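Given next are the chains, with one letter for each unit.
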Amino acid sequence: MNTVLKRFAAFGLVLTAFLVTGCLIISGTFVIVKDFSFTSATGFYHEHIDLTSESEWNDHKDAIDAIDMVGFEFTFINSGAEVTFYVYIDEGDAPTYTNYVDVNANATKILDGLTLPASTTTTLTYAESFAYLTNVTALKKLVKSGTFHAYGVSTGGTSNYTIENGKVIVTFTAHGS
Amino acid sequence: MLRLLIVTMAILILPTALTAQGISLGIGVSGGLNLPIAQQDQGSGTAFGVRGIVKALPMITLEPNVFFGKYGEPTIEGVNSIGLDGSKITSYGIDARLGAPMGVPGFSPYALVGMGFYKAKRDQTAMFEDESTDFGWSIGLGVGLNLPSNIGVDLRGRFNLIPVDGGSSKKSLFVVGGLNYYFGGN
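So the protein lines, in turn, are chains A and B.
In terms of numbering that gives the first Met the number 0, the numbers along the first sequence are unbroken and rise by one, the last being 176.
In terms of numbering that gives the first Met the number 0, the numbers along the second sequence are unbroken and rise by one, the last being 185.
Among the hints, erroneous ones may be present.
[Unchecked claim] BS3-like mimics (lysine-lysine), calculated; alpha carbons at most 27 Å apart, straight line:
1) LYS166/A to LYS120/B
2) LYS69/B to LYS139/A
3) LYS69/B to LYS108/A
[Unchecked claim] To be clear about the criterion: a stretch of chain B counts as covered by chain A if any three or more of its residues have a C-beta under 8 Å from a C-beta of chain A, and this derived list gives those stretches:
4) 35 to 41
5) 121 to 127
6) 141 to 153
In case anyone wonders, no lab produced these hints; they're calculated from the structure.
Computed from a predicted model, the values in this text were never measured in an experiment.
Using N, Cα and C, we set each Cβ at its ideal position, and we do this for glycine too.
This is chain A alone, in the form it adopts within the complex (with noise of 0.2 Å):
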């Protein structure tokens, strides 16, 4: 018996070892959501996006070691005619553009080609969104940095609908401070 309490001491402090490295349980992935409003402008929509202001955010901004995921989640009440649905974003201290042309010509087309079909409510779940992502890369770099100007507009159509329940959701690592 003498042997075995040895052997699962000697155990014991391989595994204190892990703990004393940090490795084991300050460090880990996290999922934030954020709400927000766009608001309308009959078909361009706007918001500034401000991830500093989640508590998870704060607790481990000096230490994101990675943005792993980005998606959205939208509610989509269309009255008009069919349209394709765009998302741009743009960094979180740029200007703030009020037109599509300007949107178009600076910022980032991180979501393309959604349909809304005319006369129809559409949710966009979150893992559906992830069909819709474009340029990825640029996605997680303006949202690791914290703030982030995001502009929803379309094409075709009237243009006539709202969205509801805006969420982006990002997935972060972080390392222990």
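Using the hints, position chain B against chain A.
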């Protein structure tokens, strides 16, 4: 390089095991839970593995192994409809088992220390993933019960730690039950 090291170690140890007295080789299968630790983007899932069992020293057994794990859908507060599958994990490596010697009937606790390579894949978020395979470490505890008929069963918890760029890590715990068969006998 590390993969080569693991394979080389296994090849060097095998002849010693084959010429040792008594039971020196076995195979095992195991299955159970795959529990994420500090990974809010994963839910609990399952793990299934197969392993070789090679006696290296009287109290140390080497287990080259392959595991296939799957996480479950995460629970994310504030998201109305998640619909996101957990990642699939494939790992291969080698564990050293300290205790629970092969072929000795009875009940015995043991400890594990291992290393291996881990590949994570989630089809829905493939655009965010690279194709890399990551090196990781594992430690664990278990209890085994060897029966006189060359059959053994065990229950183990294996903590897996995969360092990632920047100093953080991905962590999980396999809690699996196993069934082993040992070739030969005393």
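A quick look at each hint next to the structure:
1. Of the pairs offered as hints, the one joining LYS166/A and LYS120/B holds, with about 25 Å between alpha carbons and a cut-off of 27 Å not exceeded.
2. Taken as a hint, the LYS69/B and LYS139/A pair is honoured in the structure, with Cα atoms around 25 Å apart against an allowance of 27 Å.
3. The hinted pair formed by LYS69/B and LYS108/A fails the criterion: a straight-line CA distance of about 33 Å is larger than 27 Å.
4. By the rule of at least three residues with a Cβ nearer than 8 Å to a Cβ of chain A, the coverage given for the stretch 35 to 41 of chain B holds, with 6 such residues.
5. For the stretch 121 to 127 of chain B, the stated coverage by chain A holds: 4 residues have a C-beta nearer than 8 Å to a C-beta of that chain, and at least 3 were required.
6. Counting residues of the stretch 141 to 153 of chain B whose CB lies closer than 8 Å to any CB of chain A gives 0, so the stated coverage by that chain is violated, three being the minimum.
Comparing the model with each numbered hint stated earlier shows that hints 3, 6 do not hold.
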